[in-house]
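Undergrad: Listed here are the chains, written in short residue letters.
2 protein chains.
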Amino acid sequence: MTHSDSIPSPSDGDPRGHSIELGRDRPIRLDCGASLESVTVAYQTYGALNAERSNAILICHALTGDQNVASPHPITGKPGWWNDLVGPGRVFDTDRFFLICSNVLGGCMGTTGPRDVNPATGEPWGLGFPVITIGDMVRVQARLLDALGIDQLFAVVGGSMGGMQVLEWCASFPERVFSAIPIATAPRHSAQNIAFNEVGRQAIVSDPDWCGGDYIRQGRTPKRGLAVARMAAHITYLSEPALHRKFGRNLQERDALSYGFEADFQVESYLRHQASTFVERFDANSYLYITRAVDYFDLAARHGGVLANAFQGIRTRFCVVSFSSDWLYPTRESRAIVHALNAVAANVSFVEVQSDKGHDAFLLDEPEFHATLTGFLNGAAQRRGLPPGRK
Amino acid sequence: MTHSDSIPSPSDGDPRGHSIELGRDRPIRLDCGASLESVTVAYQTYGALNAERSNAILICHALTGDQNVASPHPITGKPGWWNDLVGPGRVFDTDRFFLICSNVLGGCMGTTGPRDVNPATGEPWGLGFPVITIGDMVRVQARLLDALGIDQLFAVVGGSMGGMQVLEWCASFPERVFSAIPIATAPRHSAQNIAFNEVGRQAIVSDPDWCGGDYIRQGRTPKRGLAVARMAAHITYLSEPALHRKFGRNLQERDALSYGFEADFQVESYLRHQASTFVERFDANSYLYITRAVDYFDLAARHGGVLANAFQGIRTRFCVVSFSSDWLYPTRESRAIVHALNAVAANVSFVEVQSDKGHDAFLLDEPEFHATLTGFLNGAAQRRGLPPGRK
Numbered sequence: 040m041t042h043s044d045s046i047p048s049p050s051d052g053d054p055r056g057h058s059i060e061l062g063r064d065r066p067i068r069l070d071c072g073a074s075l076e077s078v079t080v081a082y083q084t085y086g087a088l089n090a091e092r093s094n095a096i097l098i099c100h101a102l103t104g105d106q107n108v109a110s111p112h113p114i115t116g117k118p119g120w121w122n123d124l125v126g127p128g129r130v131f132d133t134d135r136f137f138l139i140c141s142n143v144l145g146g147c148m149g150t151t152g153p154r155d156v157n158p159a160t161g162e163p164w165g166l167g168f169p170v171i172t173i174g175d176m177v178r179v180q181a182r183l184l185d186a187l188g189i190d191q192l193f194a195v196v197g198g199s200m201g202g203m204q205v206l207e208w209c210a211s212f213p214e215r216v217f218s219a220i221p222i223a224t225a226p227r228h229s230a231q232n233i234a235f236n237e238v239g240r241q242a243i244v245s246d247p248d249w250c251g252g253d254y255i256r257q258g259r260t261p262k263r264g265l266a267v268a269r270m271a272a273h274i275t276y277l278s279e280p281a282l283h284r285k286f287g288r289n290l291q292e293r294d295a296l297s298y299g300f301e302a303d304f305q306v307e308s309y310l311r312h313q314a315s316t317f318v319e320r321f322d323a324n325s326y327l328y329i330t331r332a333v334d335y336f337d338l339a340a341r342h343g344g345v346l347a348n349a350f351q352g353i354r355t356r357f358c359v360v361s362f363s364s365d366w367l368y369p370t371r372e373s374r375a376i377v378h379a380l381n382a383v384a385a386n387v388s389f390v391e392v393q394s395d396k397g398h399d400a401f402l403l404d405e406p407e408f409h410a411t412l413t414g415f416l417n418g419a420a421q422r423r424g425l426p427p428g429r430k
Numbered sequence: 040m041t042h043s044d045s046i047p048s049p050s051d052g053d054p055r056g057h058s059i060e061l062g063r064d065r066p067i068r069l070d071c072g073a074s075l076e077s078v079t080v081a082y083q084t085y086g087a088l089n090a091e092r093s094n095a096i097l098i099c100h101a102l103t104g105d106q107n108v109a110s111p112h113p114i115t116g117k118p119g120w121w122n123d124l125v126g127p128g129r130v131f132d133t134d135r136f137f138l139i140c141s142n143v144l145g146g147c148m149g150t151t152g153p154r155d156v157n158p159a160t161g162e163p164w165g166l167g168f169p170v171i172t173i174g175d176m177v178r179v180q181a182r183l184l185d186a187l188g189i190d191q192l193f194a195v196v197g198g199s200m201g202g203m204q205v206l207e208w209c210a211s212f213p214e215r216v217f218s219a220i221p222i223a224t225a226p227r228h229s230a231q232n233i234a235f236n237e238v239g240r241q242a243i244v245s246d247p248d249w250c251g252g253d254y255i256r257q258g259r260t261p262k263r264g265l266a267v268a269r270m271a272a273h274i275t276y277l278s279e280p281a282l283h284r285k286f287g288r289n290l291q292e293r294d295a296l297s298y299g300f301e302a303d304f305q306v307e308s309y310l311r312h313q314a315s316t317f318v319e320r321f322d323a324n325s326y327l328y329i330t331r332a333v334d335y336f337d338l339a340a341r342h343g344g345v346l347a348n349a350f351q352g353i354r355t356r357f358c359v360v361s362f363s364s365d366w367l368y369p370t371r372e373s374r375a376i377v378h379a380l381n382a383v384a385a386n387v388s389f390v391e392v393q394s395d396k397g398h399d400a401f402l403l404d405e406p407e408f409h410a411t412l413t414g415f416l417n418g419a420a421q422r423r424g425l426p427p428g429r430k
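If you read the sequences in order, they're chains G and X. Under our numbering, think of the first position of the first sequence as 40, with each following residue one higher. Under our numbering, think of the first position of the second sequence as 40, with each following residue one higher.
Hints in this document: simulated from the structure, not taken from any laboratory. Glycine residues also receive a C-beta, built at the ideal position from the N, C-alpha and C atoms. One or more of the hints may lead you astray.
Pulled from the structure, derived: some chain G residues nowhere near chain X, Cβ distances all over 12 Å [as the list claims (entries may be wrong)]: (1) D155; (2) T172; (3) H228; (4) V238; (5) L265; (6) A271; (7) I353; (8) R374; (9) R422.
Coverage of chain G stretches by chain X, computed from C-beta distances (three or more under 8 Å per stretch; other residues unrestricted) [said to hold, decoys possible]: (10) 140 to 147; (11) 326 to 336.
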């Protein structure tokens, strides 16, 4: 269903999701200087908005995630990426909270991105799509909340790139965020992480099927380049101990080395499989735009080089979470966030969850992590005057 | 110049290097079961072999290194990769030692590899070249030493894949190695490192110019795939702190973000430059074969799963070196080597050099590392009855 800047009646995890068109009345200004006059935002909701409109939680997805937090993925059919955390009595208790997750600007799951048609030309945007930022993603989310009639979020939560959006929300719209949970994230993208993203982008643009970004019009798909990009990135989501425990040097369906270039080792087979499913569901140009947005993220740079300045006077309650084996967004990045928040006397709790699962731990079954979220949400709900959850 | 299993007269860093043909009289058996009846080995020497033939040091090069340890690279013109360590009075003192370094089997700098012509077909080997192992590389080196009339090496030394060759030498030919210096290496390739190698291989084979490995005959070169492989690998040679110190989020020849996909950041520009120079000097199929050899390396697996068994009764003197910020071959891998050597009461010293330069530290100006090498070589030379170096 499609709305036009009107308030939809939330339905619970509608498999088709919701869709809304924004910007017609007031174009959306982007950091690059361009404006978008029509942005479609695809989103999912779970639970119900209370009468006071005070129980909304915005969930921000990661680089290659999407709005299907707890709904089957429309292409792969797999359960939502936080499926186990959403439902009655769960971490994000749908009996208490109204959950919203929208596909980010530049994405490829229904929100306007480079795959969509540029109204000015009638052709797919391709590389004509403006380069976007985390700030642009968040401004579009804020417009969505305007349309939904939600002035203040009870919480905004997200991991990885989702955590960057959480930080951006707090810096740009502090009065609209009662509590914030940035998970496994960083206040700026490191040189090493820019380098890994650049490898992925070069893999894509090196694929002749990328066609200078014009592959849709030319009826081609740069699957090979996107697959290599995914493989390289996927390694950074795991940890050496997790890979060792899961695969070690085990051979894949064979008793001895093949002395060839087939996937002898399970870890090779696993990576190839991850890549082949990914390219079915993701758009190569979206990958370029979204990795660029992440590279550009540097909250301190916009505040005189001092991260704390981004949070001056903030009254939001923070819960910062990192994972001990995450080497993509290591704990020291979360500590930098905490230090900045402490410098402005913000209300902040910080947990480094012990886990050997690497960056992806925020998507996995990690009881300590889930207990941390539940505890923080309960405390914040009490402060906000929301009714308690089940015993 | 080319010899045929005859002893050449060593000349010092001849810019053309030396070349010898091996295997004609006695084919070289490979681990995969195949045999090579003619293998050309390209090598460099520095210094002079003494009358007792007791002062030879074999230097084993890393994945994409070559025999030009201290000679200008014939394609790039850059100084040798250990140029500063070789010469009169230097770490590898050419007044005292006779240094040898040969291009590995499967390489592309003069030693037989997939780029060369298969005598049976008259066409380039391509993927018809047998899959090789670190053991195969070392057996070819042993044949070279036979041809040079060197029964026992004073030392065998190498970093990274070179260090694997050092370990293989000690396991296969312990009586031929008086002392051994494995640097920044591991007794087996980890799952994470196999994964990184697989990304590189997939980048290459995904390049349409790879032509199923037959690109030479088809007059093409898979430069784009090889470039992506190099970029991904290059990140693993550095460290996050070194990248941060060197590049941080500095922009490349611009004052502000471009909001485009050019190399905005210095680290992107650096990676692209590294890749573009690499593809001029390296062969894509060699990259496939040599990374495979590294993945296959697992010294314990060939000795009943017990690494110490690889070194039973060894009398070689060891100096094991790691670097504190190396995450490709972290210190724990070197400790595993040391533990195995201790278990067989071998003579071993171990140094973890404090450095923030990552894996590549073994190629860089690291005074503590160089002092460690000098100290160990002096002690071993005294034991071996070699004359002392300069004061």
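Undergrad: It remains to establish, for every hint, whether it holds in the given structure.
TA: Hint check:
1. D155: The claim stands: D155/G keeps its Cβ more than 12 Å from every Cβ of chain X (closest is about 19 Å).
2. T172: It is violated; T172/G is separated from chain X by about 9 Å at its closest Cβ, not greater than 12 Å.
3. H228: The claim is violated: H228/G sits with its nearest Cβ about 7 Å from chain X, within 12 Å.
4. V238: Contrary to the label, V238/G does not stay out of reach of chain X, its closest Cβ about 5 Å off (not over 12 Å).
5. L265: L265/G is in fact no farther than 12 Å from some Cβ atom of chain X, at 10 Å.
6. A271: violated, 5 Å
7. I353: Holds, because the least Cβ-Cβ distance between I353/G and chain X comes to about 24 Å, which exceeds 12 Å.
8. R374: holds, 15 Å
9. R422: It holds; R422/G is separated from chain X by about 37 Å at its closest Cβ, greater than 12 Å.
10. 140 to 147: violated (count 0)
11. 326 to 336: holds (count 4)
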